Amino acid sequence: MAPPRKRSLGLALALLLLIVSLVAGAPPAAAGPISPKPPHSPNAEDINTLYWIGLVAIVLLITAVNVALLYAVRRYRADRGAEPRQVRSGRGIQLRAGAALGLLALVLFVLSIVYTEKAREAPPTGPNGLQASSTLLAQRSLKLPPAGDPAPLRIDTTGQQWLWRYDYPNGAFSYYRLVVPVDTTVVLDLLSTDVVHTWYVPELAGKFDAVPGKINHVYFRADEEGTYFGDAATFSGASYAAMRTEVKVVSPDEYQSYIEQQKRDIDAAQQHVIEELKGGTAP
Amino acid sequence: MSPTPATTIAPVRPELVGDGFPSKPRQRWVEIATSADHKSVGRVLITAALGFLFVAVIELLLMRLQLAIPENVFLPPQTFNRLLSLYGATAIFFFALPLAVGFFYYLVPLQIGARGTALPRVGQTGMWLFAMGALVLYASLLFTPPEAGVNPLPPLSDIAFTPNNGTDVWLASAGLATLGFVFLAVDLVSTLRTMRAPGMAWRRMPVFSWAGAISSWLLLVIGPVMLAAIAMLMIDRNFSGIFFDAGSGGAPLLWQHLSWIFYSGAYMLVLIFALGALAEIIPAFARRPLFHRGTVIASLAAIAVLGTLSWMQNMLSAPISIGWMYFAMTMSLALIVPFGLVLFNLIATMFGGTLRMRAPLLFGLGAISVSSIGLASEIGHSMVAVAWQLRNTTDATAATHYALVGGAVFGGFAALHYWYPKLTGRTMGESLARISFWTMFAGVNLAFFPLFLAGVEGQVVDAYKFYDHTGVNAYNMIATIGSFVLALGIVMTLVNAVRSLKAGPVALPDQWGGESLEWFAPSPPPPYNFDVLPDVRSPAPLRDIRDAVAERTGDRARAGRTGQPVA
Numbered sequence: 062m063a064p065p066r067k068r069s070l071g072l073a074l075a076l077l078l079l080i081v082s083l084v085a086g087a088p089p090a091a092a093g094p095i096s097p098k099p100p101h102s103p104n105a106e107d108i109n110t111l112y113w114i115g116l117v118a119i120v121l122l123i124t125a126v127n128v129a130l131l132y133a134v135r136r137y138r139a140d141r142g143a144e145p146r147q148v149r150s151g152r153g154i155q156l157r158a159g160a161a162l163g164l165l166a167l168v169l170f171v172l173s174i175v176y177t178e179k180a181r182e183a184p185p186t187g188p189n190g191l192q193a194s195s196t197l198l199a200q201r202s203l204k205l206p207p208a209g210d211p212a213p214l215r216i217d218t219t220g221q222q223w224l225w226r227y228d229y230p231n232g233a234f235s236y237y238r239l240v241v242p243v244d245t246t247v248v249l250d251l252l253s254t255d256v257v258h259t260w261y262v263p264e265l266a267g268k269f270d271a272v273p274g275k276i277n278h279v280y281f282r283a284d285e286e287g288t289y290f291g292d293a294a295t296f297s298g299a300s301y302a303a304m305r306t307e308v309k310v311v312s313p314d315e316y317q318s319y320i321e322q323q324k325r326d327i328d329a330a331q332q333h334v335i336e337e338l339k340g341g342t343a344p
Numbered sequence: 000m001s002p003t004p005a006t007t008i009a010p011v012r013p014e015l016v017g018d019g020f021p022s023k024p025r026q027r028w029v030e031i032a033t034s035a036d037h038k039s040v041g042r043v044l045i046t047a048a049l050g051f052l053f054v055a056v057i058e059l060l061l062m063r064l065q066l067a068i069p070e071n072v073f074l075p076p077q078t079f080n081r082l083l084s085l086y087g088a089t090a091i092f093f094f095a096l097p098l099a100v101g102f103f104y105y106l107v108p109l110q111i112g113a114r115g116t117a118l119p120r121v122g123q124t125g126m127w128l129f130a131m132g133a134l135v136l137y138a139s140l141l142f143t144p145p146e147a148g149v150n151p152l153p154p155l156s157d158i159a160f161t162p163n164n165g166t167d168v169w170l171a172s173a174g175l176a177t178l179g180f181v182f183l184a185v186d187l188v189s190t191l192r193t194m195r196a197p198g199m200a201w202r203r204m205p206v207f208s209w210a211g212a213i214s215s216w217l218l219l220v221i222g223p224v225m226l227a228a229i230a231m232l233m234i235d236r237n238f239s240g241i242f243f244d245a246g247s248g249g250a251p252l253l254w255q256h257l258s259w260i261f262y263s264g265a266y267m268l269v270l271i272f273a274l275g276a277l278a279e280i281i282p283a284f285a286r287r288p289l290f291h292r293g294t295v296i297a298s299l300a301a302i303a304v305l306g307t308l309s310w311m312q313n314m315l316s317a318p319i320s321i322g323w324m325y326f327a328m329t330m331s332l333a334l335i336v337p338f339g340l341v342l343f344n345l346i347a348t349m350f351g352g353t354l355r356m357r358a359p360l361l362f363g364l365g366a367i368s369v370s371s372i373g374l375a376s377e378i379g380h381s382m383v384a385v386a387w388q389l390r391n392t393t394d395a396t397a398a399t400h401y402a403l404v405g406g407a408v409f410g411g412f413a414a415l416h417y418w419y420p421k422l423t424g425r426t427m428g429e430s431l432a433r434i435s436f437w438t439m440f441a442g443v444n445l446a447f448f449p450l451f452l453a454g455v456e457g458q459v460v461d462a463y464k465f466y467d468h469t470g471v472n473a474y475n476m477i478a479t480i481g482s483f484v485l486a487l488g489i490v491m492t493l494v495n496a497v498r499s500l501k502a503g504p505v506a507l508p509d510q511w512g513g514e515s516l517e518w519f520a521p522s523p524p525p526p527y528n529f530d531v532l533p534d535v536r537s538p539a540p541l542r543d544i545r546d547a548v549a550e551r552t553g554d555r556a557r558a559g560r561t562g563q564p565v566a
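Chain order of the listed sequences is A and B.
Under our numbering, think of the first position of the first sequence as 62, with each following residue one higher.
Under our numbering, think of the first position of the second sequence as 0, with each following residue one higher.
Bear in mind the hints are in silico, worked out from the structure with no lab data behind them.
Keep in mind it's a predicted model, so treat the numbers as computed, not measured.
Positions of the beta carbon are idealized from the N, C-alpha and C atoms, including for glycine.
Some clues are possibly wrong.
What the hints assert, rightly or not - Facing chain A, a subset of chain B residues (Cβ under 8 Å, in silico):
{"id": "1", "residue": "Arg120"}
{"id": "2", "residue": "Val121"}
{"id": "3", "residue": "Leu152"}
{"id": "4", "residue": "Leu252"}
{"id": "5", "residue": "Leu253"}
{"id": "6", "residue": "Ser316"}
{"id": "7", "residue": "Tyr325"}
{"id": "8", "residue": "Ile367"}
{"id": "9", "residue": "Ser371"}
{"id": "10", "residue": "Ile372"}
{"id": "11", "residue": "Gly457"}
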């Protein structure tokens with residue numbers, strides 16, 4: 062009976078090694094379907110690193126349970142004719158197993174805190190970014206860069222059924238599409254005027270809820286110009302699936318001209334309405 | 000007359016035999032509706048749960064059909080949202096919980112050697128409250144079904160945003176069912192406290208009864224929390240309350256805290272039920288005692304406590320402070336230890352045993368395999384930064400469904416196949432069970448594994464459509480096909496259960512060579528459960544009897560095989 066036992070144990074070990082090396086060793090970009098969307102901000106990168114750490118632990122545990130299960134089923138069938146061993150575990154085995162699992166939990170705990178703290182830091186605006194200067198408010202749940210660095214760009218982001226509204230510092234606003242400068246720290250102050258919504262653009266940052274009566278923050282520093290899409294991620298009623306958003310990352314100059322143009326357009330439209338009201342031709 | 004056997008301690012209750020019995024049996028439905036016998040109540044709960052499993056599967060299939068192709072128009076958004084809300088309520092309140100509670104309510108009194116429950120009318124009321132909840136929910140199909148989602152978060156579920164009475168229906172039905180489970184838990188807790196057979200010390204109780212005790216205490220904690228939340232939202236909706244109204248000084252997040260305490264606890268309850276059942280099934284089919292009873296029982300208790308305390312794991316994207324997020328993460332990562340220890344002990348029990356690969360064991364091993372994938376994936380959802388990426392994506396749907404389909408469906412079916420002989424006096428057809436198992440096993444992986452990948456790509460939950468060119472088309476198509484395969488497998492077992500009521504092979508009192516007292520009673524047990532009870536001197540009273548018989552009859556092979564601990 063010895064050789065088959067050795068063979069299946071070796072097989073199981075080989076399978077385990079194969080899966081672990083496939084997951085841990087493969088470069089994230091090449092891993093294909095199990096890889097999240099490529100990160101385009103330092104926060105998203107930290108989140109991704111922690112994702113890969115978690116995935117290794119997950120695959121390790123799933124493999125351990127299922128390989129042990131398969132091995133037991135193949136090895137200890139009733140038709141092998143042996144008598145069942147009537148032994149129970151002593152306390153030592155249980156303590157050791159518990160300690161091993163506890164150690165795994167501890168390692169995951171420490172790594173999670175390390176990378177969550179990194180992902181929580183608002184990265185300072187880089188040299189190619191928008192060099193704005195405004196006074197900062199201390200935020201409880203957001204670690205902002207030191208006072209000397211260029212201040213982050215703050216944009217009020219309001220969730221409402223079923224649109225996102227973005228209010229820029231100069232008074233301009235836009236719906237659905239957010240335009241931000243590249244290499245600039247952006248802080249979105251999330252608000253909601255009706256129900257709970259979740260702002261979620263995977264490439265730039267995690268997801269954060271907009272809850273009525275509370276302010277939440279999203280922060281990212283986009284490293285590349287481009288357009289990124291996101292969906293709202295908390296069920297918010299009939300047209301929930303249609304509540305999408307788009308983040309357009311442009312150069313600082315383009316950003317400036319965009320918000321100025323937007324401001325002019327809005328002012329002109331308002332002026333038009335005011336004149337119609339005055340002239341009595343308003344509908 | 001021969002001398003009384005040494006094991007007999009209690010005579011038949013004289014009022015239960017002889018002239019007192021009605022000569023003409025009452026009609027069946029009258030019997031079911033009026034009986035406060037824990038077996039009748041338990042059977043109603045289990046039957047209803049399996050019926051609602053079928054309903055939930057139909058709802059799931061309709062939603063999966065809508066999500067088969069991008070930007071599908073098979074279902075209008077409102078219909079999809081109604082199906083989603085019905086599915087969420089049905090799967091949790093009318094399938095998973097009543098199945099677990101039903102099995103506990105049927106079996107725990109038998110396992111602890113009681114002739115009934117301590118407060119039978121309280122338990123019966125619980126069953127009726129549950130039935131009323133189900134009636135309210137499905138009567139709403141005739142007027143306005145709920146449409147505020149799986150967990151109706153205020154302000155969306157408040158009167159301003161869902162003015163129709165669908166949400167009131169949800170609240171009333173979930174409230175009635177929860178109150179019913181609390182009533183049943185009260186009865187179970189009292190029964191466990193006061194009605195254990197002589198010699199049945201707490202430390203000798205079967206692991207499944209321990210799971211029942213832990214689950215009942217858990218329900219006594221989480222049930223009232225949900226009832227409070229439901230009462231507050233009903234007041235908000237109907238009497239201009241401001242509990243969850245941010246504009247008037249209320250807190251929308253309060254509902255999230257209270258409801259997630261309940262949902263996290265209920266999630267753990269279903270898994271405690273499945274693991275408790277496996278701790279009976281695996282030793283019976285491996286013919287080995289459980290590797291370490293104490294660890295398994297302590298771990299189940301730890302799962303209940305830590306799992307409920309990790310409720311904020313569901314709120315990691317909400318505006319709560321980072322300290323609370325780390326608290327939730329600590330609690331849910333700590334769950335690795337008790338879950339790991341239970342699975343370790345269950346698998347270690349098989350090592351060195353002789354496995355009879357019958358349907359209960361097959362479904363039991365399937366439960367371990369499937370739920371291990373879901374439970375491990377939950378680790379990702381507890382690590383705060385990863386949760387910011389994966390929470391509320393279909394990755395979360397997949398993790399929850401792997402864990403709960405593994406626990407409630409595979410684990411529930413393992414329990415069903417294992418205790419079906421006790422419940423009905425017949426065994427379930429073995430070959431159909433096997434086909435059903437492999438169909439379900441293929442189906443669950445096809446239906447939910449692609450959702451992991453879609454979630455990593457960023458597909459969000461609960462949405463009535465997804466968009467083309469987001470890289471998730473293939474995943475959703477496979478998931479839809481897989482859910483049909485899973486449904487086929489589930490229906491096969493349901494058909495098997497119905498058919499075996501009449502056609503199944505007649506069962507023995509101790510069909511599988513179990514070790515706990517329910518196998519001492521006839522199959523199905525009489526209303527008073529036991530004529531006589533053995534003296535309970537160990538956690539395995541039936542093994543003691545077999546050993547005593549072997550010793551007296553001189554069966555050397557059998558004698559002296561009692562499990563001895565190794566150092």
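Do the hints match the structure? See the list:
Annotation: Arg120 of chain B was flagged as interfacial toward chain A, and the flag is violated, the nearest CB pair being 40 Å apart, outside 8 Å. Given the 8 Å rule on beta carbons, the hint for Val121 of chain B is violated: about 36 Å separates it from the nearest Cβ of chain A. For Leu152 of chain B, the interface hint holds, since its Cβ comes within 8 Å of a Cβ in chain A; the closest pair sits about 5 Å apart. At its closest, the beta carbon of Leu252 of chain B sits 6 Å from a beta carbon of chain A; the interface hint therefore holds under the 8 Å criterion.
Contact between Leu253 of chain B and chain A, as hinted, is not supported at the beta carbon level, the nearest pair being about 11 Å apart and thus beyond 8 Å. Taking 8 Å as the C-beta contact cut-off toward chain A, the hint placing Ser316 of chain B at the interface holds, the least distance being around 5 Å. For Tyr325 of chain B, the shortest C-beta to C-beta distance to chain A is roughly 7 Å, which falls under 8 Å, so the interface hint holds. Checking Ile367 of chain B against chain A by beta carbon gives a least distance of about 6 Å; that is within 8 Å, so the hint holds.
Given hint, Ser371 of chain B at the interface with chain A, holds; its Cβ is 4 Å from that chain's nearest Cβ, closer than 8 Å. Checking Ile372 of chain B against chain A by beta carbon gives a least distance of about 5 Å; that is within 8 Å, so the hint holds. At a threshold of 8 Å, the smallest CB-CB gap from Gly457 of chain B to chain A is about 4 Å, leaving the interface hint in force.
The structure is inconsistent with the numbered hints 1, 2 and 5, although it conforms to all the rest.
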